[in-house]
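For the record, the sequence lines run as chains A, B, C and D.
Positions 0 to 235 (numbering that gives the first Met the number 0) are the ones given, in order, by the first sequence.
Positions 0 to 405 (numbering that gives the first Met the number 0) are the ones given, in order, by the second sequence.
Positions 0 to 464 (numbering that gives the first Met the number 0) are the ones given, in order, by the third sequence.
Positions 0 to 278 (numbering that gives the first Met the number 0) are the ones given, in order, by the fourth sequence.
Warning: the hint list may mix true and false statements.
Claimed, not checked - For lysine-lysine, the following DSSO-like pairs were computed, each having C-alpha atoms within a straight-line distance of at most 30 Å: (1) LYS227(B) <-> LYS437(C); (2) LYS43(B) <-> LYS186(C); (3) LYS15(C) <-> LYS116(C); (4) LYS56(D) <-> LYS227(B); (5) LYS326(B) <-> LYS89(B); (6) LYS188(B) <-> LYS56(D); (7) LYS220(B) <-> LYS25(D); (8) LYS12(D) <-> LYS188(B); (9) LYS89(B) <-> LYS188(B); (10) LYS25(D) <-> LYS12(D).
None of these hints come from the bench; they were simulated from the model.
Spelled out from the first residue to the last, the chains are:
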Amino acid sequence: MGSGPTVGSDRPSLLASDASPVPERIPVTDIALQRRLTERFSTQLLTAVSARHDTTEIIVGPGELVSVMSALHDDAEFRFELLADLAGVDTGVVLQVVYHLWSPLSPDWLRVICDGLPRDDPRLPSVTFLWNGAEWAEREAYDMFGLIFEGNRDLRRIYMPPDYQSFPLRKDFLMPDDASRSPGQGVRPIEVAFQTAESGRVPLMRVSPGTGSLAGWTRPGEVGAGDPDSGGQVGP
Amino acid sequence: MTGEPRVRSLDDPSIMVDSPATIIDAVPPYPPRTEREAEFYSLKDGEMFVNLGPQHPSTHGVLRVVIKIDGEQVVDLDPVLGYLHRGVEKICENGDWHHAISNCDPLEYIASMFSEAMPVLVAEKLLDLEVPRRADYIRVLAWELNRISSHALFIGWLALDLGGITPILYGFIERDEIVEMLAALTGQKLLFNYLRIGGVNGDLNHEFLSRLGDWMSRAGKRIEESSKLMNENEIFVGRTRGLGVLTREAALRTCVTGPPLRATGIPYDVRRAHPYSVYPELEFDIPTRTEGDSYARYLLHLDEIRESIRIIDQVLHQMPDGPVMAKLPRLLRVPPGRAWVAFESPRGQYGAYGISDGSDQPFRFRIHDPSYFTLQAVGQLVPGHLVADTMAIMASLDPIMGGIDK
Amino acid sequence: MSVVSRPWSRLSLAGKIILPLIAVFVALNLVIVLGWVSGILPWLVQAILDALGDNVGILRFLIAATIILVITVPVAFMNIFFEMKLIAFVNLRVGPNRIGPWGTLASVVHGLKVLAKEDFTPTGADVPAFTLAPAVVYLAAVMTLLVVPFAPGLYGYDMDIGLLYFFAVGGVGVVGLMMAGWSSYNKYSLLGGLRAAASLISYELPLILSVMGIVMITGTLNLNQIVTAQEGSFLDWFLFRQPLGALIFFIAATAEASRTPFDLTEADSEIVAGFATEYSGMRFGFFFFAEYVNMFILSAMTAVLFLGGWNAPFDIDPLLSAVGITTPVSVAFDPASLGVGLLWLVLLAPALIIGLLTAVIWMLKSSWSIVVSLVVAFLLFNVIVVGALVTFAAIDLEWVIGLFWFIGKTVALILFFVLMRATLPRVRIDQLMGFAWKWLVPAALLNIFVTAGAIVILDQMGKTL
Amino acid sequence: MRTDRVPGLGIAKGLMFAFTQVFKPKVTIQYPEVVNDISPRNRGRLILLYDEAGTLKCETCFQCAAACPIECIDMGGVDTRNRYHVHWGPAEQYAERREESALRRSGRTVPDATFEPFARIDLGPVDAILARHGHRPRAALRIMDDVQAEYGYLPVAALQHIAHQTGAWYSELYGIATSYPHLRFETPGSHVVAICRCAQCTVAGGGRVLAAFREHLGTDIGGLSPDGAVRLESTDCRGESAGVPRVTVDGNVLPTVNATDAATIAAALRATVPQGQAA
């Protein structure tokens, strides 16, 4: 992005009907927002408030999600009235749900990451009580990741057929599970079978870049083993 | 709905010769999965299901809407998606960042210059890459041209779904000129794979500029003319005014963006609300309407066409010199991190959330399509109206199934 | 056998044609001579003539019905071509331009395509009703043509209750649409049939009420008399004596023909094709034709009731008399007086005239060979003769010129229908019904009251409307 | 009084506008007669270039197919030494062709033309090796080493199998196999007879010697004798052969060879084929 964010002091409220004027561009992250977030949610955040580019980021657990989101939506100091996006993420170890919010009071996007959802039973509260538009987004996250949003009135598959079993966007997704193919045939490196911890193996994670389909895939135990070009941090 | 659950699959012969009840009714042949589904697929007396789509003249794309009607009045409806699902996010994870561009291209196939910008902007943000100013200006030029062509088609579609058969051809005439123009610039007419990480693929050429100048001399004239057919037409106004009114609060709660949101009076346009590219240097207004009905959305599209023509005029006057591509390694390894970008497409706020683990492939690439959230509003707007209004409301919300089904 | 077959095989093609003809001719002569001598033939001819003369009405009716039934197909083709071409022009397209001159045969090819398509019946359909529905709709449309007066003396059947018959039979079409909608076992069809029933039945009312004024003025239901009541200049048309009635009739007729903006019965963007969704092949073709025949009939009725039918917009007799022609033209030339000379005239006059023209053309345009100029002269002669005959007929036989005016008015109305379809979007069902019951019916009643009042007042003043 | 309050005025305006359109010039392009001009930047055409000699310029380097983001290019060709058929395409496609549902949909067995030129071999050992290496494409080199140790050479069918199982592009595996000299695609002939083809040696009688070897070994230069015992190659004397054609057997130079010696040499080589190496 060539252009950074802008200060939003002169940005009108969403509920103000006049068109907003042209703001000047000052490419800095919103320090005030980070301070306010730290003061308000200091106890509930899993990590400190971080900011990069034009996005401020907080990480909460599924327990605090409802209180944090309703506070962000309702409080006069935040007024994050627009849910820009709701995305599920599979880090390879745990599942996350990522919310992006927009407020007329801040030049930054706010990214709320609901982290630490276990693979076998990922449950978190739904935000449809704040934005009923999140219903389909949560349906999609359920369809692709198997995330269970408690409180969503209509949590069923939206893209995949109703008799579909697996969750395609998980990193442990194995194509032979859903296609009628014999295991191993035509499987790209990203789609290696996921073994649970009982079998003594942890999920696969890509640690070294590669070209095309020969991208390196190994397990955390053998990071760098036999890979001279292995580098970069583990996972996202 | 009664009976043991049967699983639909290709090798299930009973799908072919089925009881007429299953063929005629839209009731799925498996037990309901949620309370919502259960209460939707249960009929009171006098009600019946009508299955609009997936093959239907006026569902844009392969959309299936099961409407529960009482006489001519729609009681409730349930959009069924997934007929166009290709798993673009998964494909993007398997290819590298450059591949993601052309994989995202056919998402919003009416204005694919926008959907192909998602991986580009995300990768540039992760790379902290400064795009050459000329490339930025060319992007804005292409975006606005594409916006006009998309809006021209929208107006024709709305008229077509209301039964008027002429405006869509005027819209196509306008769109053809722009599309030929963009073909001279990008090499393709529908899925221009033009934007690149760090710039654009190829500088402005003479043919494009001559076509553009020729078009700018009468830009949008045919749209204005064809709007004569509609704007004052009693039948058209009677069909659209006060139809499918979306209030501000409902629009915000439904996460609706773009023209449907601005038609409710909320001036939320990412080009102004969260400026990107060179939009802060350009002078244009965010047209808004306060009614929030289909007629307001229609007029809003006309206003946005005029604003886009203003933007193109300024861009052509301020176009700087210089390179159109930044220096980048051939094998692009994006540094680890997360990035979220949003930009304004003809249908609202397009968003993309990318996670990179330092390799040449995105670890996770989330695509946020505005039509996906706009289409949800149909569920609130249509009930209580007539069957004919279902089409009018859906056309006025202007969904594109390519982006919705991903 | 070879005795016959060998010489026969030696014959040329012309011989093979001419020889049997000669044989037939000789045989016929023999039969005629024998029959004449024996007196059987005169008796037979007399008997046939008597039988025909006794019930000539039935004969006339049969011929008229046949002609009308045959004529509807080209009429439908004509309408379809008009629609394709005019809508294309409005859309800045070219339209059909490949098949036939200016694509005039495109609609014919469409008809053939429809004929060639598979004609299937969906599962669960009510087969008898499903099969009968197109015939009902089509016949209801065609039968109304019976009473339409095309020209003086040129009508299927001169009914005293022609107007009543027209509305009664025209209403039967709704039954066919409902049959189609119900029997298709398809919800789009069902909605379409119900919409058709609702809209057509509710628009019958203003349609009939709007012409009551004319009935009161003319005091008859006979369409021929209604037309003759509008003779004179175009100011005598009921369009100017009943403007409100004309407007209501036209709007209601649009809805009756289920044309845009009232074509909810086959609203393609909502209920895929309405009652015709499940139909294919020629069954669908019957629906398709019926729609366009209906369009033609309602245009024709509008012309008959409000635009003076076959009457010229102005009286042409003064013009003709100014030229010196008095209709009917009395030909002061008796062919019989020539006797055998007539034969010579018939044989020689064309040859002489053609030769004269050839000489003139050949001398004027010496670049042409004598053969070319001969051909051109022959064509020119034919053109002259045909033109003379047509002019004579137009002046002398009043039904020719009457048919000309009638068709002209009807086609103009059809083109207006098509223009409306190209321009207007579709109304909603509730708007349709509300418009019929809240506006058209009261307006029609108002029209009746005003007309009645005017008639009474003018009666007091000793004049007639 | 506002004009839009007059009932029917808008409709009348629309009708008038539509009527005026009838006389406007039409925009239709009568295609077969008039061909719309295609911009020189058009990317819509996929063409293979021919050089001025009329021969195809494409040498099946697979660069285009490897770059195709939507994997729509699926091409086959012959490698630059005209020996082996090389096929490129996403591994899913090969699997897709053999998958049950695909066969059921098409209602017949889908023949895979890729494997026709190659001898069918027992792929059981390959599966074992792949299982040992965990089907990991990064271990492709180790896998191929083991496969060669198993079969004595690298069967192309085995290479295809590795590609399907690991998901690595066949072209990449083929590139690895050809770049490493110790990986070979056929049973090695135990002895290699090489003849210099330079002008000097030919003048010195190399032509006759070569003809004799051709006759006795039943193969041409670059080929393997039918029994797989002797390979006939070409070498270069670099001008060191003084008046005698340079002929080497297994790399060591024979002093003087003429056409008559060829038969005896061939017979002697055939007699001493090491065990366990011939195919």
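Consistency of the hints with the structure:
Restraint check for LYS227(B) and LYS437(C): the C-alpha separation of about 28 Å stays at or below 30 Å, so the hint holds. Taken as a hint, the LYS43(B) and LYS186(C) pair is honoured in the structure, with Cα atoms around 17 Å apart against an allowance of 30 Å. Of the pairs offered as hints, the one joining LYS15(C) and LYS116(C) is violated, with about 41 Å between alpha carbons and a cut-off of 30 Å exceeded. The hinted pair formed by LYS56(D) and LYS227(B) fails the criterion: a straight-line CA distance of about 56 Å is larger than 30 Å.
With a C-alpha separation of about 29 Å, the suggested pairing of LYS326(B) with LYS89(B) holds against the 30 Å cut-off. For the suggested pair LYS188(B) and LYS56(D), the alpha carbons sit about 28 Å apart, so the restraint of at most 30 Å is met. The hinted pair formed by LYS220(B) and LYS25(D) meets the criterion: a straight-line CA distance of about 16 Å does not exceed 30 Å. A distance of roughly 35 Å separates the Cα atoms of LYS12(D) and LYS188(B); the hinted pair therefore is violated under the 30 Å criterion.
With a C-alpha separation of about 26 Å, the suggested pairing of LYS89(B) with LYS188(B) holds against the 30 Å cut-off. Restraint check: the Cα-Cα separation between LYS25(D) and LYS12(D) comes to about 21 Å, which is no more than 30 Å; the hinted pair holds.
In this structure, the hints that do not hold are numbers 3, 4, 8, in rising order.
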